[in-house]
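Participant: Could you put the whole structure together from the sequences, leaning on the hints where they help?
Respectively, the protein sequence lines represent chains A and B. Numbering of the first sequence is given in the working numbering, commencing with residue 7 and proceeding in unit increments. Numbering of the second sequence is given in the working numbering, commencing with residue 7 and proceeding in unit increments.
Among the clues, some could well be false.
Here's a subset of chain A near chain B, in silico, CB distances under 10 Å, partners left out [unchecked claim]: (1) F16; (2) N38; (3) D42; (4) K74; (5) N101.
Because the hints were derived from the structure by calculation, they are not lab data. Even for Gly, the Cβ is constructed at its ideal location relative to N, Cα and C.
There are 2 protein chains.
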Amino acid sequence: MKKMKDYDLFEIGESFRQKELVTEDMINNFANVTGDRNPIHLDKEYAANTFFKKRIVHGFLYGSFISKVLGTRFPGFGTIYLSQEMKFIKPVYINDKLVVEVKIIEKIPKQKLKLETKIYNQENDCVLDGRAIVSIPK
Amino acid sequence: MKKMKDYDLFEIGESFRQKELVTEDMINNFANVTGDRNPIHLDKEYAANTFFKKRIVHGFLYGSFISKVLGTRFPGFGTIYLSQEMKFIKPVYINDKLVVEVKIIEKIPKQKLKLETKIYNQENDCVLDGRAIVSIPK
Numbered sequence: 007m008k009k010m011k012d013y014d015l016f017e018i019g020e021s022f023r024q025k026e027l028v029t030e031d032m033i034n035n036f037a038n039v040t041g042d043r044n045p046i047h048l049d050k051e052y053a054a055n056t057f058f059k060k061r062i063v064h065g066f067l068y069g070s071f072i073s074k075v076l077g078t079r080f081p082g083f084g085t086i087y088l089s090q091e092m093k094f095i096k097p098v099y100i101n102d103k104l105v106v107e108v109k110i111i112e113k114i115p116k117q118k119l120k121l122e123t124k125i126y127n128q129e130n131d132c133v134l135d136g137r138a139i140v141s142i143p144k
Numbered sequence: 007m008k009k010m011k012d013y014d015l016f017e018i019g020e021s022f023r024q025k026e027l028v029t030e031d032m033i034n035n036f037a038n039v040t041g042d043r044n045p046i047h048l049d050k051e052y053a054a055n056t057f058f059k060k061r062i063v064h065g066f067l068y069g070s071f072i073s074k075v076l077g078t079r080f081p082g083f084g085t086i087y088l089s090q091e092m093k094f095i096k097p098v099y100i101n102d103k104l105v106v107e108v109k110i111i112e113k114i115p116k117q118k119l120k121l122e123t124k125i126y127n128q129e130n131d132c133v134l135d136g137r138a139i140v141s142i143p144k
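Facilitator: Laid out in C-alpha cells, this is it:
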C-alpha cells in the first residue's frame, strides 16, 4: 500500500484522472447491495416511458468512483472524507465510459483540502460536478 | 408500483423515515461493485491502527439509502435527482442500525423540492447531514 505524502506537499491545482466503465452487471449488483431498486435503473420498459428513454445508472454508483479515487489514489490511503456535494448534470447510461477528475482547489487550515470533483462521459460532457472536503492525517 | 402524488400536494415540513441495517456482507459487496477497496472499509488490522479503530462503512453505501428513499418511497417513483450534499459527521460501523430521514424544507419553482436528508445511528447521533434537490415530473 502506497503511503500518502505529507499534507504540505499537496499543491493547489494538482489533479488526478481515472477511467471507469459502468456495466449492466454493476447496476444490478449495486441495486442488490443498496436496495435501491428504482425501476428507472432496472426496468427497460419502465425507463423507455420516462424523460430518460432508457435505464440510467444510479448517481450514487458513479458518485462512489469519487470516493474510490479519494480514498485509494488521490489524496490516497488514509484520507478522511468530510463532505461531498454532487450535481447530477446529465444522465449516465449503461456502458458509458467515464473519467473521474479530482483537483485541489483550496488548502484549508488543520490539514484539510477542498477538491473539485467532476465526472465526464465519453462525449466529454460533464455528468457530475461537485466539491469534496477531506482531511489528511498527520 | 405506487404512483407519485402531484407536486402541488407536497407540503413543506412533510417527512419520511426509513430504517436500514448495514451488514458486513453489504460492505464487501459494495467494495466489489464500485471497486472502492479502501482498506479502512475492508481490512480489520489496518483499521485498528487508524483514528477510527475499526472498519467503517463507505459513506456512499449509506448515502445511497437516501437515493433509495427518494426514488422509491418519498417523493417516490419518477423523482429526478438533481443534487445531493452530504456531510459525513460521524463514522458508521458494521451492524449499525440506521434511520434515514427525508424532510421537505422548500418548494422551488418549476416542480422542484429542496429536501433535508439526515441519517441517524442507533444512539440517535446524526451520522450524515445533507440537502437534496429533486424534480417532480408533471
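Participant: Next, verify each hint and record whether it holds.
Facilitator: Structure-based check of each hint:
1. F16: Not OK, violated: F16(A) not within 10 Å of chain B, min 18 Å.
2. N38: Cβ of N38(A) sits 8 Å from chain B, so the hint holds.
3. D42: 4 Å, holds
4. K74: Interface hint status for K74(A): holds (4 Å vs cutoff 10 Å).
5. N101: 16 Å, violated
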